[in-house]
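A.B. asks: Residue numbers (this note's numbering), protein chains in the order written: chain A, 1 to 305; chain B, 1 to 305.
Worth flagging that the hints you see were computed from the coordinates, not collected in a lab.
Check before you lean on any hint, since a few could be wrong.
Same chains, same label: a pair holds when it works inside one copy or across any pair of copies.
Unchecked claim - Once the Cα atoms are required to be at most 25 angstroms apart in a straight line, the calculated DSS-like pairs of lysine-lysine come out as:
hint : residue 1 : residue 2
1    : K98       : K191
2    : K285      : K197
3    : K27       : K72
4    : K91       : K31
5    : K191      : K129
6    : K31       : K143
7    : K83       : K72
8    : K301      : K31
9    : K27       : K143
10   : K301      : K27
11   : K72       : K297
12   : K301      : K191
13   : K197      : K91
14   : K83       : K132
15   : K129      : K143
16   : K132      : K301
17   : K297      : K132
18   : K197      : K98
Spelled out from the first residue to the last, the chains are:
There are 2 protein chains.
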Amino acid sequence: MPEIPLASWTDGPARSAIVDFVARVTKEGGKDYVRPAERIATFDNDGTLWNEQPLQVQVFFLADRIKQLAAKDPSIVGRQPFKAFVEHDFKTLLSLGKQGIAELFFATHAGMSDEEFADIGRAWFASAKHPKYGCPFTQVAFKPQAELLGYLRENGFKTYIVTGGGVDFVRLIAEQIYGIPHEQVIGSSIKLRVEMKDGRPVLMKTPELGSFNDREMKVQNIGLQIGRRPILAFGNSDGDLAMLRYARSGAGPRLALLLHHDDGEREVAYDREFMLSPLAEALDKATEYGLTVVSVKRDWKVVFG
Amino acid sequence: MPEIPLASWTDGPARSAIVDFVARVTKEGGKDYVRPAERIATFDNDGTLWNEQPLQVQVFFLADRIKQLAAKDPSIVGRQPFKAFVEHDFKTLLSLGKQGIAELFFATHAGMSDEEFADIGRAWFASAKHPKYGCPFTQVAFKPQAELLGYLRENGFKTYIVTGGGVDFVRLIAEQIYGIPHEQVIGSSIKLRVEMKDGRPVLMKTPELGSFNDREMKVQNIGLQIGRRPILAFGNSDGDLAMLRYARSGAGPRLALLLHHDDGEREVAYDREFMLSPLAEALDKATEYGLTVVSVKRDWKVVFG
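Bound-form chain A, shown alone (with noise of 0.2 angstroms):
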């Protein structure tokens, strides 16, 4: 625990939004008072706790696996929605719509167990580095958003991941990284199945989807998972604004707050034009819906570890 709380951030309107946030809730007798066990905060992951540009963390790791998989069937990579993919062909592969986007996960992460996908996930976090920071993908997290994730359970919150990502792929490194265990994941998944394997049951992952958690199935996953709405939560992309809105608007203190990356300095200066994953709606609208506008360059001292 650092001495002063949230170093790596700057002294100005978004730390002070959150000290006074937490200040509140934890103030016991305080009108805005809240219990622990309703102080639940979720985070978007991609974009908002670690990098995701040029690709997602993910999109490296599903690039190698077909690598792997291209060794075994050279054919596959002549086929959609694979062609698209090994070429950055990312319009054709968005017009491929989800079950495009489905496919190459099924035919990557799918027909294993998930105790098998674990090891092939953690073998490649452990060997494989990032093609723009040179370093391994788990360096890749914002500082000031593992400080922030400190901070909050230090003062009673209980932190979640609410990520688009694929839940057994962001569980494999959430505790290292975030110090958030694999139970406070939520995640996009593909159905298990149980099935006997050496005379055990096991966890199959099947090539069915299970659910796309993106923008307002955040929402109802929270809802299922967790069934509480958050007083907390943070995201940056418009995948993330129903989870935003669905925090801001509960009864009594709410905090939402929305990453904008403005720093090409330091780090990467996009927004709408980011095709993976677009901030727009939530950028122009964030006063409407009452979000606190987060600036790397403002409000973040350092941006990596």
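Since the structure of chain A is provided, determine the placement of chain B on it from the hints.
C.D. replies: Below, chain B without anything else, positioned relative to chain A:
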């Protein structure tokens, strides 16, 4: 916290199995040590944590909800599945299959927001009395089990309810009775949909099944929502067998407990003949599957609080 842990448990094989197991997994440096993040314990609810005889608590709630609906539209009790239900004709009801059961729930648990449902449920728990015991339904919980949950948590376990009951229903009382927060209740669910109501997003409960959290589905939902194989599981019926076997067959120390209701004097003696939730295969194969059978008669000094 009681001076003697598990004070309501008779000093015998079941209590010893629990105490020994907890001592082994918490002994730092020991060969069976399990770090706290992996100390996941999952409990069935109906018949494991609270009484389910002559009927599960939620069935009484369902009956009162149908009475409320019939007061507005008396014709519904002439139609299936309502007719079979109000006539206590469970044989016919079960012959209507999962869809019949689901329709009972859709009619009584859906078409409202999760917040409206919680208000209805809380009002019911505050006023309704168990027809056999004459007490509020919150008082039919088993005292030895409340002690066990507390004992496990004091030893660094995270305790979960994994129930065939409705997740929103069980969450209403899980914190009060068992000290288990909303997010550690996994149950049967109907799908939620985000809707705008009075200018703010709410979660509506739709008449569409999410999952019926019984048998293999318990294991699949543990995989989705917890993402770890529990090291301890406790159930009382064949509906829990998949979960018990899943917990029991992981690597390292494991404890799977099966409650046998064999005390007709203090509670009720039943197993394979209970149509709504029989115990047969799990009892017959307890030894083969490595399950520790807990006898109400032999292992519990008291049943209720």
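A.B. asks: All hints, please: hold or fail.
C.D. replies: Hints, verified against the model:
{"no.": "1", "hint": "K98 <-> K191", "in the structure": "both (16 angstroms within a copy, 20 angstroms between copies)"}
{"no.": "2", "hint": "K285 <-> K197", "in the structure": "between (52 angstroms within a copy, 19 angstroms between copies)"}
{"no.": "3", "hint": "K27 <-> K72", "in the structure": "neither (60 angstroms within a copy, 46 angstroms between copies)"}
{"no.": "4", "hint": "K91 <-> K31", "in the structure": "neither (51 angstroms within a copy, 54 angstroms between copies)"}
{"no.": "5", "hint": "K191 <-> K129", "in the structure": "neither (30 angstroms within a copy, 40 angstroms between copies)"}
{"no.": "6", "hint": "K31 <-> K143", "in the structure": "neither (32 angstroms within a copy, 36 angstroms between copies)"}
{"no.": "7", "hint": "K83 <-> K72", "in the structure": "within (16 angstroms within a copy, 59 angstroms between copies)"}
{"no.": "8", "hint": "K301 <-> K31", "in the structure": "neither (33 angstroms within a copy, 45 angstroms between copies)"}
{"no.": "9", "hint": "K27 <-> K143", "in the structure": "neither (27 angstroms within a copy, 34 angstroms between copies)"}
{"no.": "10", "hint": "K301 <-> K27", "in the structure": "neither (28 angstroms within a copy, 43 angstroms between copies)"}
{"no.": "11", "hint": "K72 <-> K297", "in the structure": "neither (45 angstroms within a copy, 60 angstroms between copies)"}
{"no.": "12", "hint": "K301 <-> K191", "in the structure": "neither (41 angstroms within a copy, 43 angstroms between copies)"}
{"no.": "13", "hint": "K197 <-> K91", "in the structure": "neither (41 angstroms within a copy, 36 angstroms between copies)"}
{"no.": "14", "hint": "K83 <-> K132", "in the structure": "within (23 angstroms within a copy, 66 angstroms between copies)"}
{"no.": "15", "hint": "K129 <-> K143", "in the structure": "within (19 angstroms within a copy, 53 angstroms between copies)"}
{"no.": "16", "hint": "K132 <-> K301", "in the structure": "within (21 angstroms within a copy, 65 angstroms between copies)"}
{"no.": "17", "hint": "K297 <-> K132", "in the structure": "within (20 angstroms within a copy, 66 angstroms between copies)"}
{"no.": "18", "hint": "K197 <-> K98", "in the structure": "neither (32 angstroms within a copy, 29 angstroms between copies)"}
Violation of the numbered hints given earlier is confined to hints 3, 4, 5, 6, 8, 9, 10, 11, 12, 13, 18; the remaining hints are satisfied by the structure.
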